[in-house]
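Based on these hints, arrange chain B on the given structure of chain A.
Heads up: the sequence lines are chains A and B, in that order.
Numbering of the first sequence is given in this note's numbering, commencing with residue 1 and proceeding in unit increments.
Numbering of the second sequence is given in this note's numbering, commencing with residue 1 and proceeding in unit increments.
Treat the hints as calculated values from the structure; they're not laboratory data.
In this text the structure is predicted, and so the values were computed from the model without any measurement.
Just so you know, even glycine gets a beta-carbon here, dropped at the ideal spot from N, CA and C.
Treat the hints with caution; some may be incorrect.
One side of the interface only, derived from the structure: several residues of chain B facing chain A at Cβ under 10 Å [claimed, not checked]:
{"no.": "1", "residue": "Ala-35"}
{"no.": "2", "residue": "Ala-131"}
{"no.": "3", "residue": "His-222"}
{"no.": "4", "residue": "Leu-225"}
{"no.": "5", "residue": "Ile-226"}
{"no.": "6", "residue": "Gly-227"}
{"no.": "7", "residue": "Phe-229"}
{"no.": "8", "residue": "Gln-231"}
{"no.": "9", "residue": "Tyr-237"}
{"no.": "10", "residue": "Gly-238"}
{"no.": "11", "residue": "Glu-239"}
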Amino acid sequence: MLKKSLLGLGALLLLFPTMAFAADGDPSAATLNMGLNALWILVAAVLVLLMQGGFILLETGSTRMKNAGHVAGKTIFTVGLASLVYWAVGYGITFGGDASEGLNKFMGLGNFFFDPSIVAGEGDAYPSTIFFIFQLAFAAVSLSIAWGGFAERAKLSVYLIFTIVFAAVIYPIIAHWIWGGGWLAADGAQDYAGSTVVHLTGAMAAFAATILLKPRIGKFNKDGSANEILGHNQVFTSLSVLLLWVGWFGFNAGSAVSVGEGFFGYVAFTTQLGAAGGAVSALLISWLVKGKADIPTMLNGALAGLVAITASCAFVEPWAAVVIGLVAGVLVFLSAQFFEKIRVDDPISAMSVHGAAGVWGTLANGLFATEKLVEQVGVGKAGLFYGGGGEQLWVQFLSVVVCGAFAFAASFIVLWVIKQVSGLRVTEEQEIIGLDLSEHGTYGYPEALKRAGTNATTL
Amino acid sequence: MSRIDLARRLLEIKGAGTLQDLRTIREEEQERVGALLQTESWVVPVVEELNALHDALIRRAITLAEQDTARMGLAAPPVPYAYFLFGSGGRGEQTLASDQDSGLVYGDIEDPAEAELAAAYFGALGSRIVASLMEVGYPPCEGNVIVSNPEWCLPITAWEKKVDRWFAEPSWENVRYLLILADARHLAGDDELARRWKGRYVGDMMSHADIARRMLENTLRHKVLIGVFGQLLVEAYGENAGSLDIKYGAYIPMVNLFRLLAMRADIAATSTLGRIEALREIGILSEEKAEEAAWAFEVFLRLRMLSSNRDDMGEWAGSGKLKPALLGKEEKAPLKKALRIGQRLQRQLEKEMQRRFGGR
Chain A
1 MLKKSLLGLG ALLLLFPTMA FAADGDPSAA TLNMGLNALW ILVAAVLVLL MQGGFILLET
61 GSTRMKNAGH VAGKTIFTVG LASLVYWAVG YGITFGGDAS EGLNKFMGLG NFFFDPSIVA
121 GEGDAYPSTI FFIFQLAFAA VSLSIAWGGF AERAKLSVYL IFTIVFAAVI YPIIAHWIWG
181 GGWLAADGAQ DYAGSTVVHL TGAMAAFAAT ILLKPRIGKF NKDGSANEIL GHNQVFTSLS
241 VLLLWVGWFG FNAGSAVSVG EGFFGYVAFT TQLGAAGGAV SALLISWLVK GKADIPTMLN
301 GALAGLVAIT ASCAFVEPWA AVVIGLVAGV LVFLSAQFFE KIRVDDPISA MSVHGAAGVW
361 GTLANGLFAT EKLVEQVGVG KAGLFYGGGG EQLWVQFLSV VVCGAFAFAA SFIVLWVIKQ
421 VSGLRVTEEQ EIIGLDLSEH GTYGYPEALK RAGTNATTL
Chain B
1 MSRIDLARRL LEIKGAGTLQ DLRTIREEEQ ERVGALLQTE SWVVPVVEEL NALHDALIRR
61 AITLAEQDTA RMGLAAPPVP YAYFLFGSGG RGEQTLASDQ DSGLVYGDIE DPAEAELAAA
121 YFGALGSRIV ASLMEVGYPP CEGNVIVSNP EWCLPITAWE KKVDRWFAEP SWENVRYLLI
181 LADARHLAGD DELARRWKGR YVGDMMSHAD IARRMLENTL RHKVLIGVFG QLLVEAYGEN
241 AGSLDIKYGA YIPMVNLFRL LAMRADIAAT STLGRIEALR EIGILSEEKA EEAAWAFEVF
301 LRLRMLSSNR DDMGEWAGSG KLKPALLGKE EKAPLKKALR IGQRLQRQLE KEMQRRFGGR
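So that you can see chain A by itself, here it is in the shape it has in the complex (with noise of 0.2 Å):
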């Protein structure tokens, strides 16, 4: 054994001479440190584009085996096609720094069609091919929240207009505004991993895109009373939140964009807790109200808790990350039985899980930033429970709002714009088949929908 290992040794050495003088070459700490940075970064940015592969299982687990394949099938598309899209323009209104003083408030310029430097350069703390891999996959989850919105009948070409608008302009503005060096990010706004820029964002695009559509044929009664329109698979909308939780890592501990003193590991550990605590919470609180402990309302109270704790997971201690995530359950149960009393139809319950957490998630760090942490992460003041006063609050209000009106606004115009050249939603029948059939000819259960047209309605 110890042979071969010399022998290899001396193979390595005849190969690689400068090996043997490897003292001479020592990398720099700052070398080291950058390159732990760039392992860790990627390793999130791919946990977080892992994080596709939940929401493909969560929308297609709660919507109908008849749409089964084009749901799937159209995140992979539409994660491909704003790839494209942010590498061109996106990542250039969010990132770019040549855009005027004045504009620079309300978005960046330059770096479009993004070519990177090959390695990262001197004292950067990681390459820049790496940050803008990590970035693209903040883009693509917040695409696939509004997704949710559209799920069941939206055309598929309208899949691809918003994909456009979507990854272009309208989430690069908002991710300028409050990471970019914009004008909420000059006012201190915290949102560590993007509870308002990624989720929120993702959450009021749904939220135009269900008012604009209308709900799904047989969602409403005439006397304005629900319908259920159960998932078609359970067990996929399980392994979906399992999927979202591991991937979260990547998505918050990942935010720390260094590996440093280890700071990224508390962010890891209060996003544990937020999640556990939706989980239980919102378990209960439908037990407790309606007699029965609803699986997919504990399933959807696990990603409010990781939604909420995404803004806050650096600026809190752990029995507020717990509060955090507990509150979210609750709110995630209400805030569906209220979407639905004002009959609008969101099978995936995106404005809940992403909205409502989301803006309570922002909201969080107005009340429990602590002081010690803020400092850690440099952004903004502690909170109101910490002597901070008011004064965060009214930040993370302010973010929420102005942040929550514009996604919501320029979503709406897109849309409505679609709607009027083109139209947004498939016709009656098509809904009726399903999209698999309508929109790509095949079903994504062939064997179980052979008998198409006599029984897909029932589906």
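Using the frame of chain A, we list chain B on its own:
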């Protein structure tokens, strides 16, 4: 309606010559009783009156069916028979909309050829009874517990064998059948036969620990629909969204509960209020508890009566569901109180049984 009026009405039913006459009487009475239910706050006498009418109508329809069968050339019943009502009919708790849950037992015949003839006769009679009652406005039982089903129309020995088999094999379904039998009430036909048939299993059921345990499980299957915050657990979705399932979320749990207690105490009464009263008499229920239980049951009975309506086809149909939003405050409060009483009783029984049989 005064007693005399009711007696006259019952006589009228007895003298009715055609099913159409019976239907007409029924419709008139339903309208009247329906109106009475809206105004009377004490529901028990109204329910008793309504059930007396149902009983008379069904008895008359059976007599007419016998005559029809005779006209078809099958002569008179070859042996005595007894007709039983199950379900709400058996308990004397029929609503304006009631279906036919029924069984028929007839005397044994030694000779196989004659036995076959008798089977054919009672098969024809059973079918005729069911068809006649449908004409009078009683839809058939959805679970097929009905005299036109050969399984529920048998000579007494066959019945006894069948019931023995249910005892020997207390599967979920067989226990359900035994619980159905527990509500059986003899409505028409031979008394002696009826006594023999009921005597066969009454008092025997709870002696089998296995059966008692299964019955408990079956009995506690429907939970009282009230939540921990005292909120009504209404349906969230569908055409009955916002409605409370009075039948399965309030009335049936109480029926099941007192059936089980009555069976354990060997009480023969089949009506729920009768069972509560008998349980009080022998001291299984305290005065206070019996009064409370009877009060709660009457609240449910009344709302259940109110929840039956005419459907689109003009037939009486009971959804058993009620929109609490339509109830006034003065009605909602007692309903909630009654539901809490029901829930408490259910929990007590559950706990007691848990002690007896151990946890599941």
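Hints versus structure:
no.	hint	verdict
1	Ala-35	violated (26 Å)
2	Ala-131	violated (33 Å)
3	His-222	violated (12 Å)
4	Leu-225	holds (7 Å)
5	Ile-226	holds (8 Å)
6	Gly-227	holds (5 Å)
7	Phe-229	holds (7 Å)
8	Gln-231	holds (7 Å)
9	Tyr-237	holds (4 Å)
10	Gly-238	holds (6 Å)
11	Glu-239	holds (6 Å)
Hint violations for this structure: numbers 1, 2, 3, all remaining hints satisfied.
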